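Engineer: Since the structure of chain A is already known, use the hints to place chains B and C on it.
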Amino acid sequence: MRDFDYARPASLAEARRFAAEPGAMLLAGGTTLLDLAKCGVAAPVKVIDITHLEGLDAITFGAAGVHIGALAKMSHVAADAAIRENFPAVSEALWQAASAQLRNMATIGGNLLQRTRCAYFRDPLAFPACNKRDPGSGCAALGGITRNHAVLGTSKVCIATNPGDLAVVLSAFDAVVHLGERRIATDDFFLLPGMTPEREHALEPGEVITAVTIPASAAARRSTYLKVRDRQSYEFAAASAAVGMELEPDGKTIRDLRVALGGVATKPWRARDVEKALIGKPLEPEAVREASLLAMTGAAAQGDNHYKIDLAPRVVTRAIMKVGGLA
Amino acid sequence: MTTDILPAKVKRGDASDGGASLGSRLSRIDGPAKITGAARYALEHHLEGLCHAVIVQSTIGAGRIGVIDTTAADAAPGVLMVLTPDRIMPLKSATTWLDTPGPEGPYLALTNVINFMGQHIAAVVAETFEQATAAAALVKVYYEETDAIATYDDPRSGEGMALDHLAVSWGEAEAALAEAPVRIEATYRTPREYNVPIEPHGLVAQWSGDKLTVWEPSQWINGMSRTYAEWFGVPYENVRLVSPFIGGGFGSKAFALAHGAIAACAAKMLDRPVKLALTRPQTFTAFGGRPATRQTLKLGATEEGKLLSIVQTGANETSVDGVWGEPLASVTALMYATPHLAARQTVVPVNTVLPSALRAPGENPSAFGIECAIDELSYEVGIDPVAIRLRNYAEEDPHAKKPWSTRQLREAYEAGAKAFGWEKRKPEPRSMRDGHHLIGWGVAAGTYPVRRTAGEAMVGLFADGRAEVASSGIDMGQGTYTILAQTAADAIGLPVDQVEVKLGDSALPGAPVAGGSQLANLMTGAVHKAALAARDELIGLAISDPNSPFRALQANTLSVADGVISSPRGGEEVTIAELMRRLGRDKIEVLRDTLPETNNSAAEKHKTYTTITRMRSPTEGDYSLHAWCVHFIEVRVDEDFGTVRVSRVVSALDSGRLYNPKLAESQWKGGIIMGIGQALLEEGLVDRRKGRVINNNLGDYLIATNADIPDIEVISVGVPDFHASVLGGKAVGELGIVGVAPAIANAVYHATGKRIRDLPITLEKLID
Amino acid sequence: MSKSLTLKLAVNGASHELTVEPRVTLLDALREHLGFTGSKKGCDQGQCGACTVHVDGERVLACLTLAAQVEGRAVTTIEGLTPEGADLHPVQAAFLAQDAFQCGYCTPGQIMSAVACIKEGHAGSDAEIREYMSGNLCRCGAYPHIVAAVREAKEVMS
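Residue numbers (the numbering used here), protein chains in the order written: chain A, 2 to 328; chain B, 38 to 805; chain C, 88 to 245.
Only chain A is shown next, with the shape it has when bound in the complex (with noise of 0.2 Å):
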């Protein structure tokens, strides 16, 4: 690691202006700035620690939803009892997240920033080329192993996957994301790689996450994540899905349906097209299965990763018969 200066602003106030200087960067949890501080990739000229600010980590419930502080930790949200039961979608993507040591310093404001792992993008060294890390310098990526890779949303300039699990929770249930006064919708705070790759979310300079909230809805409170990957624990999603459903008083009709889809894209994947094609609809094994394909329009293989345009959809559909009582 390069050299730092060290800063622990008293307010939040504070932090911000110490946020906007040159060169500095949040320290929350430190489990993504402190690894990639390691790799090389990230070189912060200083860090601000906000990790001893008080009154950022609550939890909190109203009618209409939940808000959830910035620096409330991973592994106190997935277990708090409110959240299990309004939402527990999220609880589900949080301690299937990581591991209970990184959950426990993990926040949820920092989850959100999490850098893709993608495997030339974290070895500067070896590999120069990253339009992420550096404009302009190309993506070592395209043409190399791209197993883990995304399939969607991804540019001819980068196809980094983000590797959230949490931030699919918040785009399936339209969380807001706050930044101080500003507000602004889960769906447009990542962006999409474009020719801008180095830009993956709408933070300014100088803005701190101060909060998360969650809209209560019937479909929040009957949803699932479901993550599939190589290795039962500890790993990043091959393809995961976040899903929730509320359903007629007949018990079969569709009246609400989430879905978005992680691992598998540039950003946190909200699958529209399958929402549409099933809320009206009775619940059906085949119907299901028919629409998840949706899931995957506009989707591109590159190379080594073909296999989760034939996974993601199954990953949907089992979620929806899951939340539907069906799986």
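Fair warning: there could be bad hints in the mix.
[As the list claims (entries may be wrong)] Derived DSSO-like pairs: lysine-lysine, alpha-carbon spacing no greater than 30 Å straight-line:
no.: 1; chain 1: B; residue 1: Lys343; chain 2: B; residue 2: Lys177
no.: 2; chain 1: B; residue 1: Lys644; chain 2: B; residue 2: Lys335
no.: 3; chain 1: B; residue 1: Lys727; chain 2: B; residue 2: Lys439
no.: 4; chain 1: B; residue 1: Lys305; chain 2: B; residue 2: Lys129
no.: 5; chain 1: A; residue 1: Lys277; chain 2: A; residue 2: Lys253
no.: 6; chain 1: B; residue 1: Lys624; chain 2: B; residue 2: Lys642
no.: 7; chain 1: A; residue 1: Lys277; chain 2: A; residue 2: Lys323
no.: 8; chain 1: B; residue 1: Lys539; chain 2: B; residue 2: Lys455
no.: 9; chain 1: A; residue 1: Lys157; chain 2: B; residue 2: Lys727
no.: 10; chain 1: B; residue 1: Lys791; chain 2: B; residue 2: Lys335
no.: 11; chain 1: B; residue 1: Lys129; chain 2: B; residue 2: Lys644
no.: 12; chain 1: B; residue 1: Lys177; chain 2: B; residue 2: Lys305
no.: 13; chain 1: B; residue 1: Lys539; chain 2: B; residue 2: Lys644
no.: 14; chain 1: B; residue 1: Lys248; chain 2: B; residue 2: Lys343
no.: 15; chain 1: C; residue 1: Lys95; chain 2: B; residue 2: Lys699
no.: 16; chain 1: B; residue 1: Lys335; chain 2: B; residue 2: Lys439
no.: 17; chain 1: B; residue 1: Lys791; chain 2: A; residue 2: Lys323
no.: 18; chain 1: B; residue 1: Lys727; chain 2: B; residue 2: Lys461
no.: 19; chain 1: B; residue 1: Lys463; chain 2: B; residue 2: Lys791
no.: 20; chain 1: A; residue 1: Lys323; chain 2: B; residue 2: Lys802
no.: 21; chain 1: B; residue 1: Lys439; chain 2: B; residue 2: Lys343
no.: 22; chain 1: A; residue 1: Lys47; chain 2: C; residue 2: Lys206
no.: 23; chain 1: B; residue 1: Lys461; chain 2: A; residue 2: Lys47
no.: 24; chain 1: B; residue 1: Lys248; chain 2: B; residue 2: Lys791
no.: 25; chain 1: C; residue 1: Lys90; chain 2: A; residue 2: Lys47
no.: 26; chain 1: A; residue 1: Lys157; chain 2: B; residue 2: Lys802
no.: 27; chain 1: B; residue 1: Lys177; chain 2: C; residue 2: Lys90
[Claimed, not checked] Stretch-level coverage of chain B by chain C, calculated; a stretch enters the list once three of its residues show a Cβ under 8 Å from a Cβ in chain C:
no.: 28; segment: 77-83
no.: 29; segment: 308-319
no.: 30; segment: 746-757
[What the hints assert, rightly or not] Pair by pair, the computed Cβ-Cβ distance ranges are:
no.: 31; chain 1: A; residue 1: Ser156; chain 2: C; residue 2: Ala214; range: 37 to 47 Å
no.: 32; chain 1: B; residue 1: Arg226; chain 2: C; residue 2: Asp213; range: 53 to 63 Å
no.: 33; chain 1: A; residue 1: Ser156; chain 2: B; residue 2: Asp184; range: 29 to 39 Å
no.: 34; chain 1: C; residue 1: Ala214; chain 2: A; residue 2: Gly63; range: 47 to 57 Å
no.: 35; chain 1: A; residue 1: Lys323; chain 2: C; residue 2: Gly144; range: 50 to 60 Å
no.: 36; chain 1: C; residue 1: Asp213; chain 2: B; residue 2: Glu537; range: 36 to 46 Å
no.: 37; chain 1: A; residue 1: Ala302; chain 2: B; residue 2: Pro192; range: 20 to 30 Å
Since the hints were made in silico from the structure, they are not lab data.
No experiment lies behind these values; they were computed from the predicted model shown.
All C-beta atoms in this analysis are idealised placements derived from N, C-alpha and C, irrespective of residue type, glycine included.
Structural biologist: Chains B and C only, in chain A's frame:
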């Protein structure tokens, strides 16, 4: 515990003989230090004036260094020295583990010629670890890059070089194959696999004049000491290597490697102690793991499934600057009775670090081939996979044509099948399911040879009645400390908690490599011999010393048990401590070795402990000596996702006599678990353009987690094998992994009807 | 050192003052500066769990924590799991009895993780123990014995 005095031919220390110690399930005696954090591993030795070295590795796969610009690194805070190929001190070329001369010319631990990606090219030494790390990133290297051949799948790598010493044949294999009524042919592949012990490699090196002390995790104290001594041209005795605890090795910590030379050079050049730790990514290229292998097997058989011929052609990757042959016929030519067999093998040089030993080198990929192939044959001829194995059971070593010393393999099939419930298996693939899960049951056998080298041990008896065992042999978790204490306690007649064991220090009596699953057998033999001699000396004094209460008694009338010496004909009982007091002795110390009495010179000992030239083959002598196992494995395959999870394992193993079943079972299970990871997860992913292993960390090179592993039942079917070793044990540590991957592949076939012949069995191979 | 901080760290119930650069991790502070070498460095990148310690009673990875971050918080390492001279912690005793380790290198991290796992209430079943102990890799393959040890210790502790 009672131990009769003389004659020495009586078997000692066997639980079945009434000895309570050896053979019992004693908890490991080094355990308390490990669970409290008190155990000091090599890099935890903090010395006055210690400075830190960090290595810089090449970022090209082939070529040479044009210029290394160290200006920024030299000027960085805290930097004491930047070592480059031009600045490092040339060392002498060291001899190899085969006792052959090393490469000509001086040995440079850093070179300008780049043969593989991730080769050490510079090192930065600074006051702190952080400073050294930061400065290492400032070293600028300008390369003259040439094309790297990344893997043996690159057509430019060619067919490779034949390794004639690994070729095996008997009968007329090709002709017999051509005439066989049933023939199958398939190619099996295993990827590069890595040892990844959780303790990364590294060392602390300190010079005092021309004496070097190295704290370094080591599977071979004496062999590595020899290399250090030869590199620096100092007498062997001038090197002290200390390694009382080793955080896992699995074959990777047996040799002194370039990073060791770099640290020792830096310590000498700076005249300060230097600590050097490889980063986790650096461990993927600082030494080689198991090379990638491929083998094509052709089996010819009768319609009843009786083997007529086996023809095998195999290859493994090696480096462009060395040869590592992974013996792919080692199980093929041993497991089954076949009248005809021909196996040959090549190595294919590519731009990689020289591959090396990883748990059961040879046997592991060899078993993957033959144990999958015999399974394929079983379906071809419609015979149960266990039945076809028993039909082709080798009643003697089919290659050496010698009887087995012991082979409890039939018993292993029987015990394992019974415990697993194999008779309930439905033979057709895809015939068993539970919801979304296809269930498969697979079986495969494994074997590992009994390797034999002599060793030596010092056994001391002290005035307080306690005993001490001392050896440079090591304990990296196999349980050496514990079983040697048990051995000595039994032989002397002491409670085991009265025995202290000192290991892992070149200042102690010598031992050969802790590899090839040989150390437990050879060291229990040496300790047993030394401990008996110590007790005999004590008894001798007891009957001859005028101050002894037993003076004038006959030696064979005395017994020693629980630290008390007594005469069965009545009279006084005294503790060893009391007797030592009366004898006026501080200690009785006995050094014994197990070299032939006709050939046990100091030079011969040195060769025995520092090379492998004195290791005896498993077929030297009248018998063929091997350990055996069978794994029965259940997998659950998600039909939609292709994910495979192992849900049940029953393994029956023949390691001969177990000196401590608790610890032996742990080693077996450890091997099985590593085999599960090998089957489903582990694979070094090589970028074809640059030869880089891109998953060079524990987040991307996946080893099994706790959640990947079910309960594992292991059943010991061994019997004491005194042809194999003094106290009756055979191989343990490397046996367990052999056969696991094919058992899983066979189970996956049974579950899904898909035959996956290239490891690991990842989900994309099972979904179409 | 170009930049340095003087920190007061509360480790195992005692206050320790040390002067280090801001970039020094808690793991290196413990191992290189304070002599608490029980916490192990296995990967230094948050992927193995060997460096697991407790901060304010919760298990975290010391390799991805800056020493400066834990000022004012209580750090517990394997050396401080029980008071000096006290008997083994039930988890330690169970690890020994079940042979839940071989080389011993991941062991302090496993034990610190196991103590927290039980305290969190994540040792309710073998499956739960497996999942919640999966952040601690063991290359020797002691997993089934670790599960048995956690199960045994949980019973002793309840």
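Engineer: Does each hint hold? Answer for all of them.
Structural biologist: Hint check results:
1. Using a Cα cut-off of 30 Å, the hinted pair lysine 343 of chain B and lysine 177 of chain B is violated, with the two alpha carbons roughly 63 Å apart.
2. In summary, the hint linking lysine 644 of chain B to lysine 335 of chain B is not supported, as the alpha carbons are separated by about 41 Å, beyond the 30 Å threshold.
3. About 49 Å separates the Cα atoms of lysine 727 of chain B and lysine 439 of chain B, which puts this hinted pair outside 30 Å; it is violated.
4. Proposed proximity of lysine 305 of chain B and lysine 129 of chain B is supported: the alpha carbons are some 15 Å apart, at most 30 Å.
5. Between the alpha carbons of lysine 277 of chain A and lysine 253 of chain A the distance comes to roughly 16 Å, so the proposed pair stays at or under 30 Å and holds.
6. In summary, the hint linking lysine 624 of chain B to lysine 642 of chain B is supported, as the alpha carbons are separated by about 25 Å, within the 30 Å threshold.
7. Annotation: proposed proximity of lysine 277 of chain A to lysine 323 of chain A holds, straight-line Cα distance about 19 Å (limit 30 Å).
8. At roughly 42 Å between alpha-carbon atoms, lysine 539 of chain B and lysine 455 of chain B are farther apart than 30 Å, so this suggested pair is violated.
9. For the given pair, lysine 157 of chain A sits about 22 Å from lysine 727 of chain B by alpha-carbon distance, which is consistent with the 30 Å threshold.
10. Between lysine 791 of chain B and lysine 335 of chain B the CA atoms are separated by roughly 19 Å; this keeps the pair inside 30 Å, and the hint holds.
11. For the suggested pair lysine 129 of chain B and lysine 644 of chain B, the alpha carbons sit about 19 Å apart, so the restraint of at most 30 Å is met.
12. Distance check on the hinted pair: lysine 177 of chain B and lysine 305 of chain B sit about 25 Å apart at the alpha-carbon level, within 30 Å; holds.
13. A threshold of 30 Å between alpha carbons decides the hint, and for lysine 539 of chain B with lysine 644 of chain B the separation of about 22 Å falls inside it, so the pair holds.
14. For the proposed pair lysine 248 of chain B and lysine 343 of chain B, the alpha carbon gap of about 62 Å is over 30 Å, so the pair is violated.
15. With a C-alpha separation of about 44 Å, the suggested pair lysine 95 of chain C and lysine 699 of chain B falls outside the 30 Å cut-off, and the hint is violated.
16. For the suggested pair lysine 335 of chain B and lysine 439 of chain B, the alpha carbons sit about 25 Å apart, so the restraint of at most 30 Å is met.
17. Of the pairs offered as hints, the one joining lysine 791 of chain B and lysine 323 of chain A holds, with about 27 Å between alpha carbons and a cut-off of 30 Å not exceeded.
18. For the hint linking lysine 727 of chain B to lysine 461 of chain B, the alpha-carbon distance of about 51 Å lies beyond 30 Å, and the restraint is violated.
19. A threshold of 30 Å between alpha carbons decides the hint, and for lysine 463 of chain B with lysine 791 of chain B the separation of about 16 Å falls inside it, so the pair holds.
20. Note on lysine 323 of chain A and lysine 802 of chain B: the hinted pairing holds, with a Cα-Cα distance of about 25 Å set against a maximum of 30 Å.
21. Between the alpha carbons of lysine 439 of chain B and lysine 343 of chain B the distance comes to roughly 21 Å, so the proposed pair stays at or under 30 Å and holds.
22. In summary, the hint linking lysine 47 of chain A to lysine 206 of chain C is not supported, as the alpha carbons are separated by about 36 Å, beyond the 30 Å threshold.
23. Between lysine 461 of chain B and lysine 47 of chain A the CA atoms are separated by roughly 65 Å; this puts the pair beyond 30 Å, and the hint is violated.
24. The hinted pair formed by lysine 248 of chain B and lysine 791 of chain B fails the criterion: a straight-line CA distance of about 60 Å is larger than 30 Å.
25. In summary, the hint linking lysine 90 of chain C to lysine 47 of chain A is supported, as the alpha carbons are separated by about 11 Å, within the 30 Å threshold.
26. Between lysine 157 of chain A and lysine 802 of chain B the CA atoms are separated by roughly 27 Å; this keeps the pair inside 30 Å, and the hint holds.
27. Proposed proximity of lysine 177 of chain B and lysine 90 of chain C is supported: the alpha carbons are some 24 Å apart, at most 30 Å.
28. With 5 residues carrying a beta carbon less than 8 Å from a beta carbon of chain C, the segment 77-83 of chain B meets the three-residue requirement, and the given coverage holds.
29. Note: the segment 308-319 of chain B has 3 residues with beta-carbon separation from chain C under 8 Å; the three-residue rule is met and the coverage holds.
30. Counting residues of the segment 746-757 of chain B whose beta carbon lies closer than 8 Å to any beta carbon of chain C gives 4, which meets the minimum of three for the stated coverage.
31. Here the CB-CB span from serine 156 of chain A to alanine 214 of chain C is close to 41 Å, well matched to the stated 37 to 47 Å.
32. Distance hint check for arginine 226 of chain B and aspartate 213 of chain C: the Cβ-Cβ separation is about 35 Å, which falls outside the suggested range of 53 to 63 Å.
33. The beta-carbon spacing between serine 156 of chain A and aspartate 184 of chain B, approximately 30 Å, falls within the hinted interval of 29 to 39 Å.
34. Our hint of 47 to 57 Å for alanine 214 of chain C and glycine 63 of chain A is violated, since their Cβ atoms are close to 35 Å apart.
35. The given range of 50 to 60 Å is broken by lysine 323 of chain A and glycine 144 of chain C, whose C-beta atoms sit roughly 35 Å from each other.
36. Under the hint 36 to 46 Å, the C-beta atoms of aspartate 213 of chain C and glutamate 537 of chain B, about 37 Å apart, fit the expected range.
37. At about 25 Å, the CB distance of alanine 302 of chain A to proline 192 of chain B agrees with the hint of 20 to 30 Å.
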